[in-house]
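Read off the chains here:
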Amino acid sequence: MQLTCIKKLAGFFGMKLSVFALAPLAALAISSVRGGPVEVASLSTVLADVVREVGGDRVAVVEIVKPGTDPHLYEPTPGDIKRISGASLVLASGLGFEGYLDKLKSSVGKGPTFLVAGEAISPLMVNEQDAHDTGDGNDHGHSHGAGGKYPDPHWWHSIKNVQAVTRQVRDALVAADPDGRTTYDQNARAFDEKLAALAKWVRLQVAAVPKDRRVLVTSHDALGYFARDYGFEIHPVQGISTSDQPSSQKVRALIEDIKGQGVKAIFAENIENPKVLEQITKETGAKPGGILYADGLGTGPADSYEGMMRHNVSAIVKSLQ
Amino acid sequence: MRGSPILRLVLMAIALALAGIPVWLLTRPTQEVVAQLAAAPESSSRWVEVEMTSSAPGTLSLSALGKVLLATSAGATSARERVWIGREADLVASATWPNGDVPHALRVVLREDGRVTRDATFWGAGSVEDVVP
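Those protein sequence lines, which keep their order, are chains G and A. When we follow this note's numbering, the leftmost residue of the first sequence carries the number 1, and every step to the right adds one. When we follow this note's numbering, the leftmost residue of the second sequence carries the number 1001, and every step to the right adds one.
No lab work stands behind these hints: they were computed from the structure. Heads up, some of the hints might be wrong.
Facing chain G, from chain A, some residues (calculated, C-beta under 10 Å) [claimed, not checked]:
#	residue
1	1044
2	1049
3	1063
4	1064
5	1066
6	1068
7	1074
8	1086
9	1088
10	1092
Cβ coordinates follow ideal geometry from the N, Cα and C atoms, glycine included.
Sequences and hints are given; from them, build the entire structure.
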């Protein structure tokens, strides 16, 4: 069929091309059709952006978890499992972020390859106690480790981690589609340079905030990697997951901390009920610092990784300066 | 005074030791003072010797929280100055070079009490600006 089309086109242009002359072109076309784009299903909005940057036109990405959805509370539907089963590559954040990941892998069988981004980075270990206020036994949103510590799954708030995951995604795409190696290498290099420029921009922005004012009061404990990279202290209202609800004692202690440290601003998140934060803001006199995208990408200017980081950093710097 | 010289020496030593006790009690460093010293906040600012070196003539500067601490006029290849720096601030080094096609280097060395505390090199074509790590 490909050859027929090409021959018709040749005829249209009045060209007398033999089948033999067209053979290499036809072979290329058939090969391209046979390969098609690499089907990728992403359980992370950040990873969806990374794979689009690295894969370009050679990938077709299905976002299972969409921007604005709370990934801590998301559970795959039967429809999602069907779509994931049809993909060649499935992208997951890992480090316990997708509490359903093991069950999902069993459900979809040996079809797709799973890329778990958390395996490409050195995770930040968090104290068990910091996350569990309610003692409700809810393990959603993180995995438990030895010594009362577990890995913080919000790895994308460190640009260095995203650079490492970019290389991991490149390697996975090359394995799935070896013919695209050159494209993936070039795109990954270009994205890495973009990330390096972003990291420098963040450094210069944060430099405008005195170190003693680098205190972030946020809805939940999602910005640990950012805090580590740029010298911030974090006071989360909730634990590492949005499902960890704060006790009244914790809220009271936090209010005292905020008053004691003279914290200037408190930040809400795009996917949460800001009621508790409003109460804290009211009692402490700290001003609302705006909305941060903590658990993934948003919409509008925060619909890309770069856009999300620029939005968050601008909001933080503007409020704490 | 009668008696053995050794006995007199011993008596005098005892008398001196007894007299020294109240003096020691008055002047010894107390636990509270030690604790206060330990808890005393680190001085928020200090003198730092800054040395900036450029691989090509340009305009060099160093700033903290938007305040310029050191700046040269155009055509400088180095600058050295003792500046008063607050510990709560990140230092931002920058340089601009007239030839924007070729990458140039800017080296920043910080010394405190003659000891190198920071040494960083930044590269850029036309200009460079970054936080001194």
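Verification of the supplied hints:
1. 1044: With a closest approach of 9 Å, the residue 1044 of chain A hint holds.
2. 1049: violated, 21 Å
3. 1063: holds, 9 Å
4. 1064: Constraint on residue 1064 of chain A satisfied, holds at 8 Å.
5. 1066: Constraint on residue 1066 of chain A satisfied, holds at 7 Å.
6. 1068: violated, 14 Å
7. 1074: violated, 22 Å
8. 1086: holds, 8 Å
9. 1088: holds, 4 Å
10. 1092: holds, 5 Å
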